[in-house]
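So the chains spell out like this:
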Amino acid sequence: MQRIVLLPWLLVGVLAGCGADDESTSGGAAAADVQSDTSVTDVAGEPTWTVTLSGATTGPRVAMAVDGPDDAGTFTLRVTLRDIPDLFGIATHLRYDPTQVELVDAKEHAVLAGDGWAPRVLLKPVPERVLLGAARIREGGSPYSPLEGAKVGNQLWATLQFRLLDAATSATIDFDPARSIARSAGYEVLTLDWASVQLQRGAAGGR
Amino acid sequence: MRRLLSSTSGRGFALWVLLATVATPSLSLAAAPQPGSPFRTLHLPALPGSSFAERISHHHAEADGRGAYGLPDTSGLVGMGATMAAFGALLEQGWRIEHQEAEVETDAALPGLAVAVTVTVEALEPTGLVQFRFPLIDVDSVQLPGGATATWEYGESFGQLGIVAVTFDPPIPPGDKRDIEIRYSATLDCNAKTTLLRTCTFDEQFQQVLFFRYFADHAKALHAPYTSTLHVITPAGRTAAAPGDPMGYEVLADGRLRWTFEQAERTENGGFSIADYAVTGTEPDDVPGGKGWLRLVTLTDYAGGAKALHSSAKAILDYYGARFGAFPWNGLSLIQVANNFGGGYAPLSGIFMLRNVFGAKPQAQGWSSWNELTAHEIAHQWWGNLARPMSTGDVSLSESLAEFSSCIFTEQTLETRSQLIQDNLSYVYTVDPKDDRPLGSASVYSTPSYVPIVYHKGAVVLDMLRHEIGEKAMLDGLKIYAAAFDRDYARVGDLRKAMEESAGRDLGWFFDQWWGGKGRIDAEFSSNVVAKAGGGFEVRLRVAQLGAQAMRFKLPLRLTFHDGEVVSQSVDVVPPSDGTVSIISFDVAKRPLIVRPDISRQLLRRFRVVDGADVSLDGIVDGVDLMETAFRFRRTIVWKNSFFPNSLWDELFDSDGSFSIDAGDLDLIFGQAGQVSFAF
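One line per chain: the protein sequences are A and B, in this order.
Counting from 1, one number per residue, gives the positions in the first sequence under this note's numbering.
Counting from 1001, one number per residue, gives the positions in the second sequence under this note's numbering.
Do not rely on the hints blindly, as some may be mistaken.
Said to hold, decoys possible - Reference listing, derived: stretches of chain B covered by chain A, where coverage requires no fewer than 3 residues with Cβ under 8 Å from a Cβ of chain A: (1) 1205 to 1213; (2) 1618 to 1628; (3) 1634 to 1644; (4) 1664 to 1677.
Since the hints were derived computationally from the structure, they do not count as laboratory data.
Given the structure is predicted, the values throughout are model-derived calculations rather than measurements.
Glycine included, C-beta positions come from ideal geometry on N, C-alpha and C.
All chains, full assembly: derive it from the sequences and hints.
In structure tokens:
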């Protein structure tokens, strides 16, 4: 795994496409398969937070992107499904430490759509976690005809808004690996890379 | 002995699937909750023309009576008498039938028969009166060849049985034999509705008489099997077929043919058919061990195409011979009869099956159904003919064992459990509790659910026994049982003893539960997965049984982990003596995401999850439940108002009990998302 320190403007550029729902693109390959993207938020008069994203940048994956935190310590986390050629259903628990951050808002987005399929997306905040799920629901035809998975290029699954608590020093938001699973239409368990994000009070480069 | 064509499997199933691809199911359920149970029975109006409705309709018909006569059992010999019978009593009737020789002529116009049957009886004690039981007949004469004197009379019992009584004065001394020749004629009702399968057919292709007893039955003995010689008179150019060894024919003075069949084995079952038959497949090594011939008796234009059936039947014989013991007879005839017969019938050494079975082609539509039928009927050579059920309460020793044998054959050769699963669903979903009877009950014949209980539940119960004691012990037990009751009559308890011998343990609880009691497993699950202090997890399952009787069973579980690893294991569910709730606990290294009970439907059961939505049984309602339900969305056990048995159905995902996995079940998941299973 490589660690790369990115300038803030570069990070924004990387994140810019995360909201797009692009069934046709499979995402561009980055120079490295796995990396951590670290940004430094330096707000005048406020402590600086270092945001480190970990995870693969190519291949089937559940990616994260972060906007912020802002002056109030609020940041937005976007969860996207990336480059999964045959995805029928997916489920996970997103974990966070409630002593460091609070969940302010959570919104799910339609994923896995397709002709003849009405996707359902589950998003349910529970203490310390956000339960996430998505699956294709057959709209018509025979319930015994073959299932079809979605070809996922880049689909926004959830947008979550957190606020760093005043006493917070660091916060990790990740997917509970033991609660994370994805299946193809053939009911095979897919191997995905599940991203994580860490927020650390203090400048990465010192200030 | 008989099995109706399972039209919901094989071709029928393929048809269902085909139809299902072009039509949206339209459900109209008339099910009402059973008091005290969340599980409901399907009460579906019969769908005219539906293959399953037709199948059930015939089953109801047979349940009216013993079936072999096409008559209700009013003799008292079956039923009340059977429950009291013991093998020793069979020979305490004072005399027995040693042999019968019958000559049968058909009258297609009536239709009817003219029969001359000579019954050789042996006195076991001084015998002044012998009585024979027939269907209703017109007796022309009763004579004693050789100058012996006797008087006779004919009477009818309850307007449905004919009794020929012959009085000897002086009585026949013990050890002496007498021949009694009875000549009679009878009119046949081939449209009889009281039998599972058509009693007879007379059409341009076939003259078949399968369930009219032209031989004489001992009127007092529960079982009085005999050796026999059957002569069938046919027009020139026609061929007769019957069980037993075919001895050829002679040409009568008027040009007709007189065919002869020798049945060297003692049996009470028979039947014959006349058609433009060709006999093929008479290589002497067809039957395992080279003991005899596997003959295919088909219409001449089916002779070439029936090779596939011949190969299949040979494979079935090989399969059974290796597991149940060597094929016991001199040979076996598979005889083609009219399609309107509706299924198969398997007397000793001869099997009658409907016409289309003989035209089946591998991989073509219907092939699996025909294989199931053929395998069921061939299994009767062991179950029902070699080892015979003592009484109606032991009918599972014939029909359940034959169906189970067919299921394990198709499971192995066709690589599908669909036959077992369809049998399972048939009982579980269609038998109304008021019609249910214990599998070992003498009254099982009197219920309209006779077939779902004896054939379908019976096969599944035997399959559960296989899983309980293991494949080897099961097959060893069957071999022990077949050897111990070779040409003999057995009770269910005898099968139990054989299984206990092979398994090396007491199985009384299993037989008491499944043969002595009614019902199925009705269970509600809830689950906790608890992280252990020292690492790893404890999986706790709470199994609450809701049926009238809490069942003991071996529960297969399949655990799926996040990394795709799958672990299968079984746990014993033993309800406490004073309750119905069992707590099962076991440790695993990783947290399971999905705990699936009985994924391949080995158990005769209806399962549900407490509160419905945690179908993955990992202790929390979450996205996994959504995903797993999505894979099964819109599957149903009802289609167009008709029961639709399919191996992809699992009511565990039908959280709202609507007989369909639908939006209501998704609503439950979304409504309960985040809910954690209660601690126990």
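Hint check:
A stretch counts as covered by a chain when three or more of its residues have a beta carbon under 8 Å from one of that chain; for the region 1205 to 1213 of chain B and chain A the count is 0, and the coverage is violated. For a cut-off of 8 Å, the count of residues in the region 1618 to 1628 of chain B with a CB near a CB of chain A stands at 8, and the three-residue condition holds. Judged by the Cβ-Cβ criterion of 8 Å, the region 1634 to 1644 of chain B is covered by chain A as claimed, because 3 of its residues qualify and three suffice. Residues of the region 1664 to 1677 of chain B lying with their CB closer than 8 Å to a CB of chain A number 5, which satisfies the three-residue condition for coverage.
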